[in-house]
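**Student:** These protein sequence lines are chains A and B, in that order.
136 is the number of the first residue of the first sequence in my numbering; add one for each residue after it.
-17 is the number of the first residue of the second sequence in my numbering; add one for each residue after it.
Warning: the hint list may mix true and false statements.
To be verified - Below 25 Å or equal to it, Euclidean Cα-Cα: the simulated PhoX-like pairs (lysine-lysine) are:
#: 1; chain 1: B; residue 1: LYS6; chain 2: B; residue 2: LYS84
#: 2; chain 1: B; residue 1: LYS244; chain 2: A; residue 2: LYS324
#: 3; chain 1: A; residue 1: LYS255; chain 2: A; residue 2: LYS324
#: 4; chain 1: A; residue 1: LYS150; chain 2: B; residue 2: LYS6
#: 5; chain 1: B; residue 1: LYS66; chain 2: B; residue 2: LYS137
#: 6; chain 1: B; residue 1: LYS244; chain 2: B; residue 2: LYS264
#: 7; chain 1: B; residue 1: LYS84; chain 2: A; residue 2: LYS255
#: 8; chain 1: B; residue 1: LYS84; chain 2: B; residue 2: LYS116
#: 9; chain 1: B; residue 1: LYS115; chain 2: A; residue 2: LYS150
#: 10; chain 1: B; residue 1: LYS84; chain 2: B; residue 2: LYS66
#: 11; chain 1: B; residue 1: LYS115; chain 2: B; residue 2: LYS84
#: 12; chain 1: A; residue 1: LYS150; chain 2: A; residue 2: LYS255
#: 13; chain 1: A; residue 1: LYS150; chain 2: B; residue 2: LYS264
#: 14; chain 1: B; residue 1: LYS66; chain 2: A; residue 2: LYS255
#: 15; chain 1: A; residue 1: LYS324; chain 2: A; residue 2: LYS150
What the hints assert, rightly or not - Far from chain A by the CB rule (all over 12 Å, computed), these chain B residues:
#: 16; residue: ASP56
#: 17; residue: PRO72
#: 18; residue: SER114
The set of hints was computed from the structure by calculation and includes no laboratory data.
All of these numbers come straight from a predicted model, not from anything done at the bench.
Note that beta-carbon positions come from the ideal geometry of N, C-alpha and C, so glycine has one too.
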Amino acid sequence: MTGVIFAETLRRSWKTALWWGLAIGSLAFMQVAIIQDVTLIQQTASIMESLPPFVLQMFGSSGDLAFLATPDGYLALRFFGFVLLVFAFYSVIAGMNVTANDEEAGILDSFLSLPAARWKLIIEKVLAYVLLTILVLLMTLVCLLAGIALAPAIEYNVPNIILATLNLLPSMLVVLTFTVFAAALFRRKSAVIAVSAAFVVGSYFLNVFASAASGTIFSQLDLLSFFHYYNSADIMMNGLSVVNVSILVITSVILIVLAIWRFQRRDVGV
Amino acid sequence: MSNSAAIIDTRALTKVYGGSKRSKRALDQLTLSVQQGEIFGYLGPNGAGKTTTIKLLLDLIRPTSGSSTLFGMDARANSMDIRKRIGYLPGDLNLWAGQTGKQIIRYYARVRGMSSVPYADELAQRLEFDPSKKIRAYSTGNRRKLGLILALMHKPDLLILDEPTSGLDPLVQQTFVELMREAQTNGQTVFLSSHVLSEVQAICDRVAILREGQLQAVRDVGQLTHTDFRWITLRFDRPQPISLIADVSGVSNVEADGDTLKLRLTNDFDPLLRALNGVYVKDICVLEPTLEEIFLTFYGGNGQSTHNGTTTQANDEVKS
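The shape of chain A in the complex, shown without the other chains (with noise of 0.2 Å):
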């Protein structure tokens, strides 16, 4: 029966991602109600100054050191360059609540005897999982927000920030769905949280050597990382990128269709 399995999904769920996103959302709410005045940014952006391009890239800093010294930089800088890190460890626990656990713990076996679908299963979940990892970027953003009103004096640029948690959400569709790929393609749960966490490390790392190898032919190798469409610095200061979206929702969604495809072809609970 379609929307049951996605309606199950969200009941089960819905706690925990509150949970996540409340966690989060508190990180955010402190990063910038602590924050009262312009000089304090200043002085974080001069420190920033002495350290080379790469590490800054670490931080998700477009090396834009102008841009850092402003509220919206320090923002870029302080929260939405590392914050997807830690999205990202949300989306594997999604990720792995599609089959990977289910399977594991034997209890597909007895699931798969009802008349569901296989690619229906994958489908409601992951489907039930955006709209829940929607949730914990609203809680996130709700928290943001809350910070942001405690400090008047600052100006920040509220419809970007708004466009940068979204962008959060195309990233996390990436973690969530090669990670539901990997448990269509290894049937071990500790396989999948392995290949999905090298992933997402591998990813973020890449990323980084990437930009500290600029002028080189590795300086290429960023574009294999989800964290280069991610670019949160970029969204601070131009807005979203419908072309860096869009790359990002057509690789979860070809994740998706080789994950189903795979799904319905292999044992399940061997």
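Fit chain B to the known structure of chain A by using the hints.
**Tutor:** Okay, now just chain B, sitting in the frame of chain A:
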């Protein structure tokens, strides 16, 4: 045996796990038919291939070769239509630990497109199952009860039960037998796997015996019972000589131990009881043979029955 009215029909169904170097042939050329309204026992020791067969029928795993049909439909191509008509109890039922029994019953019912499940409430009452607790709080027996409710609640045309009474106490086992009889009366078909001979004897009409992935025989239960044996311990008021019963028809392996005689009895009790006429018997203890002992008796190492002095091909019914 080919039968167009068969509920389950497998043709040379084979499953090999693993790659070419470390492959394991879990099921080998299984050809089997189960008729509508039958309670069919699928008997074999652990690792014989019973669960593999069930998973193939449910399309959870895919055959290496061969095919199977349920309700006349291909198990792979028509899996969804087939699963609508099936109730399945896995041998090792695992469910979401943080959910209550009631939540899981409702969830499974909704997936089946049912808005309410009155029969599930009735089953819970009959099995004395409390659905309000979380799964992690249930004992093994209670989990089996929940598994039975999930398998039976929609009154499916075919019940596939893997070791259904494992972990159930004797009273609930009796209720289970009643439920199976009722299912049969309602025209439902039951395919149950077990490694407990007495369970199969109590419920089933026909039995298939599986060993190391190969079908050894398909028999009526009465036939199987007739061909098995029992271990008997006789306790007398004083020690008795082995010669008292050594030559009795069906008696073998006689051992004396103080005032008791232990023996193996094949076929009827009557010749033994007649031989004991005039001797004071304080106690008789009858032990069922284990499944492995039945196998050893029923089939020699070459896979041929040597019971009762006859020699028949072990899987004669399958091959005919």
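**Student:** It remains to establish, for every hint, whether it holds in the given structure.
**Tutor:** So, going through the hints one by one against the coordinates:
Taking the CA atoms of LYS6 (chain B) and LYS84 (chain B), the gap is near 39 Å; set against the 25 Å cutoff, the hint is violated. For the hint linking LYS244 (chain B) to LYS324 (chain A), the alpha-carbon distance of about 53 Å lies beyond 25 Å, and the restraint is violated. A C-alpha spacing of about 21 Å is found between LYS255 (chain A) and LYS324 (chain A), which places the hinted pair at or below 25 Å, so the restraint holds. Pair hint LYS150 (chain A) plus LYS6 (chain B) does not hold up; C-alpha atoms about 44 Å apart against a cutoff of 25 Å.
Between LYS66 (chain B) and LYS137 (chain B) the CA atoms are separated by roughly 11 Å; this keeps the pair inside 25 Å, and the hint holds. For a cut-off of 25 Å, the pair hint linking LYS244 (chain B) to LYS264 (chain B) stands: about 14 Å separates their Cα positions. Of the pairs offered as hints, the one joining LYS84 (chain B) and LYS255 (chain A) holds, with about 24 Å between alpha carbons and a cut-off of 25 Å not exceeded. At roughly 9 Å between alpha-carbon atoms, LYS84 (chain B) and LYS116 (chain B) fall within 25 Å of each other, so this suggested pair holds.
Pair hint LYS115 (chain B) plus LYS150 (chain A) holds up; C-alpha atoms about 20 Å apart against a cutoff of 25 Å. Between LYS84 (chain B) and LYS66 (chain B), the direct Cα distance comes to roughly 21 Å. Compliance with the 25 Å bound is thereby established for this hinted pair. Under the criterion of a C-alpha separation no larger than 25 Å, the hint pairing LYS115 (chain B) with LYS84 (chain B) is consistent with the structure, at around 8 Å. Taking the CA atoms of LYS150 (chain A) and LYS255 (chain A), the gap is about 24 Å. The hint holds against a cut of 25 Å.
Among the hinted pairs, LYS150 (chain A) with LYS264 (chain B) is inconsistent with the structure: their alpha-carbon atoms are about 68 Å apart, more than 25 Å. For the hint linking LYS66 (chain B) to LYS255 (chain A), the alpha-carbon distance of about 15 Å falls within 25 Å, and the restraint holds. Of the supplied pair hints, the one linking LYS324 (chain A) and LYS150 (chain A) holds, its CA atoms being roughly 23 Å apart against a limit of 25 Å. Residue placement check: ASP56 (chain B) keeps its beta carbon more than 12 Å from all beta carbons of chain A (closest about 16 Å).
Residue-level check failed: PRO72 (chain B) sits 5 Å from the nearest beta carbon of chain A, not beyond 12 Å. Every Cβ of chain A is farther than 12 Å from the Cβ of SER114 (chain B); the closest lies at roughly 17 Å, confirming the non-interface assignment.
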